[in-house]
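For the record, the sequence lines run as chains A and B. Just so we're aligned: 264 in numbering that gives the first Met the number 0 is position 265 of the first sequence, and the numbers increase by one with no gaps anywhere. Just so we're aligned: 56 in numbering that gives the first Met the number 0 is position 57 of the second sequence, and the numbers increase by one with no gaps anywhere.
One should not assume that every hint holds.
As the list claims (entries may be wrong) - Some, not all, of what chain A presents toward chain B, calculated at C-beta under 7 Å:
1. Lys123
2. Pro127
3. Asn130
4. Pro237
5. Glu388
Said to hold, decoys possible - Simulated coverage check for chain A against chain B, where a stretch passes if three residues somewhere in it have a Cβ under 8 Å from a Cβ of chain B:
6. 78-85
7. 154-163
8. 306-317
Because the hints were derived from the structure by calculation, they are not lab data. Quantities reported herein were computed from a predicted structural model and do not represent experimental measurements. All residues carry an ideal CB built from backbone N, CA and C; glycine is no exception.
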Amino acid sequence: MTTTAAKKQLHRIDLIFKHEDDCKEILRNAFSRSDQEIVNEMVNSGLKGRGGAGFPTGLKWKLAAESDEKEKYVICNADEGEPGTFKDREILSRVPHKVLSGMAVCAKIIGAQKGYIYLRGEYKFLVPDLNKELGKFHDILDDLGLDFRVEIFLGSGAYICGEESALIESMEGKRGEPRNKPPFPSVRGFKGKPTVVNNVETLAHSYTILKFGAKKFRDLGVKDSRGSKVFSVSGDTPIPGIYELELGMTVQDFVDDFSDGDCKAVQVGGASGFLVPRKRFGKTTIGYEGKLTGISLPTGGSMMIFNSSRSMYNVLNNYLEFFEEESCGQCTPCRVGCQQLLKGIRAVKRGEKPASYLDQLLKLTETMKLTAKCGLGQSVANSFSSIVENFREEMIY
Amino acid sequence: MDFQEKLVQNLVSKYGRDRENLLPILQGVIDQERYLSEEVILKIAKEMSIPAAHVYGTASFYSFLDIEPRGKYVIRVCKTITCAMKGKNQIILAIEDFLKIKVGETTIDKKFTILQTNCLGWCHKAPAMLINDEVYTELTTESVVDILREYKAKE
Ligand SMILES: Cc1cc2nc3c(=O)[nH]c(=O)nc-3n(C[C@H](O)[C@H](O)[C@H](O)COP(=O)(O)O)c2cc1C
Ligand code: SF4
Ligand code: FES
């Protein structure tokens, strides 16, 4: 049992939310450098996408820059729908100019004239302030001579539209159904043109990198997981909220800091992430190393803490209801799979199916991982297997 | 020309006839009427020269683009994990008790509809809900009734 007396505090970073109003200077400086130089700076910083998947940002910009197409787009993904994530809203309301600066620099490099912020409908209240900010920002761009305009596009309550190709379909006035990949949006995106889609936080970090240089960013974090990350902390914690922390901490470090001592498990990465049980706290780090092995977990920053009073059956049931509702229904493994998983765990709980039925359901999630069309259906296995394998008895009794 | 026809024409001339303007147009109707009726879908299709089935297909995909009649104030209580842990069931009961309707229903005076929704992005201040576009957080069974009383007093 961890005692509250021995609480250790993780290193709090203050880069993203630090108030800075020198965005014009940062941009002027960035525009005076060659595109190649900026791309190199981004690549050297080691910045990886903060929307969850962790794709290297510099590389994404480079790919879009290489295309000869005249028409290109930059999209800021502010659909933030993963359960337990709320940091993008905070970034957009406190430091919107950093996000916009990131978009403008990306636009300059790839050669885009138009950008969009895809804002989830749940955050509509942010629109008036954001529009004011856009007005000021466009004036700065005019002064600096960059032909680039940003508009807000509002979502309408669909988690799947956070997936970049579904987001683009949605912007084209269609159902938010993910496309086959490849081609990736950086090759064929909005209106079939090369499009960079980046998470809100990724774009804000690029501001920090432009201001302080790649080295300062790289010095934070660990190998393959450079820089800081904004975490959304919720659940059974006395201090829920938004925290910028260095990447590379173990779940144990995190729990020592954020739990009141009674912590049974932590969900890392939201419903589509993994549940880490207490016995693995010390062995699991938060970062982007290697593959999704359960040893090092990449994350969009959702950290949900569960104390000993929580039923892991209820937790899994809640996640599966979420996936069943939010599945776009386009492909069978995911549409039918989510329904069957939900029905299945309920049947086991009611004693209508034997405990061994859970193993069949685990196999089903493996099939979904291999055959589902997009990240939603593919990642249901993450929480399902990490909960069922670690808390099997709670699923049955 | 009736009100609805005018609304559709205004929205289409504001955003444009291209398919990619469909979502803002549908959202504009929701802002006024809280749901997309069959008539409005047909009018949009005609005005934008796209098949009504496509308009319906898009509309029916999004949870905020309701295709069933809703009240003037649509209450959406978050039912995802953190809000569930922090007592959203009691909040729902308090709302149902105050408005005398169940989740999914609309009051007879067409003023309120109660729905549930997924994570609103306020888990650190759970439980949370939306009333139309307005966010309310850290709800208690008392505070939610106070909030609804204010809406009841409104036109
Ligand atoms: C089901 C699903 C939902 C997603 N939701 C979001 C989201 O809300 N915000 C986000 O930035 N990325 C989301 N992503 C990831 C995006 O597809 C994409 O990888 C990301 O926006 C790229 O930006 P980044 O490289 O800066 O992270 C989601 C992916 C999937 C599969
Ligand atoms: S995996 Fe699920 S969400 Fe993704 S395309 Fe298939 S049905 Fe849609
Ligand atoms: S779980 Fe309700 S706001 Fe996130």
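Evaluation of the provided hints:
Because the closest C-beta pair between A:Lys123 and chain B is about 5 Å apart, less than 7 Å, the hint holds. Of the supplied interface hints, the one on A:Pro127 is violated, with its beta-carbon coming no nearer than about 11 Å to a beta-carbon of chain B, more than 7 Å. Hint status for A:Asn130 relative to chain B: violated, with the closest Cβ pair at about 14 Å, above 7 Å. For the restraint placing A:Pro237 at the interface with chain B, the shortest Cβ-Cβ distance is roughly 12 Å, beyond the 7 Å limit, so the hint is violated.
For A:Glu388, the interface hint is violated, the least distance from its beta-carbon to any beta-carbon of chain B being 19 Å, above 7 Å. Figure legend: the stretch 78-85 of chain A, annotated as covered by chain B; annotation consistent (7 residues with Cβ-Cβ distances under 8 Å, at least 3 required). Taking a C-beta to C-beta cut-off of 8 Å, the stretch 154-163 of chain A contributes 5 residues in contact with chain B, enough for the three needed, and the coverage statement holds. Three residues within the 8 Å Cβ limit are the bar, and the stretch 306-317 of chain A against chain B gives 4, so the coverage statement holds.
Consistency note: the structure conflicts with the earlier hints numbered 2, 3, 4 and 5.
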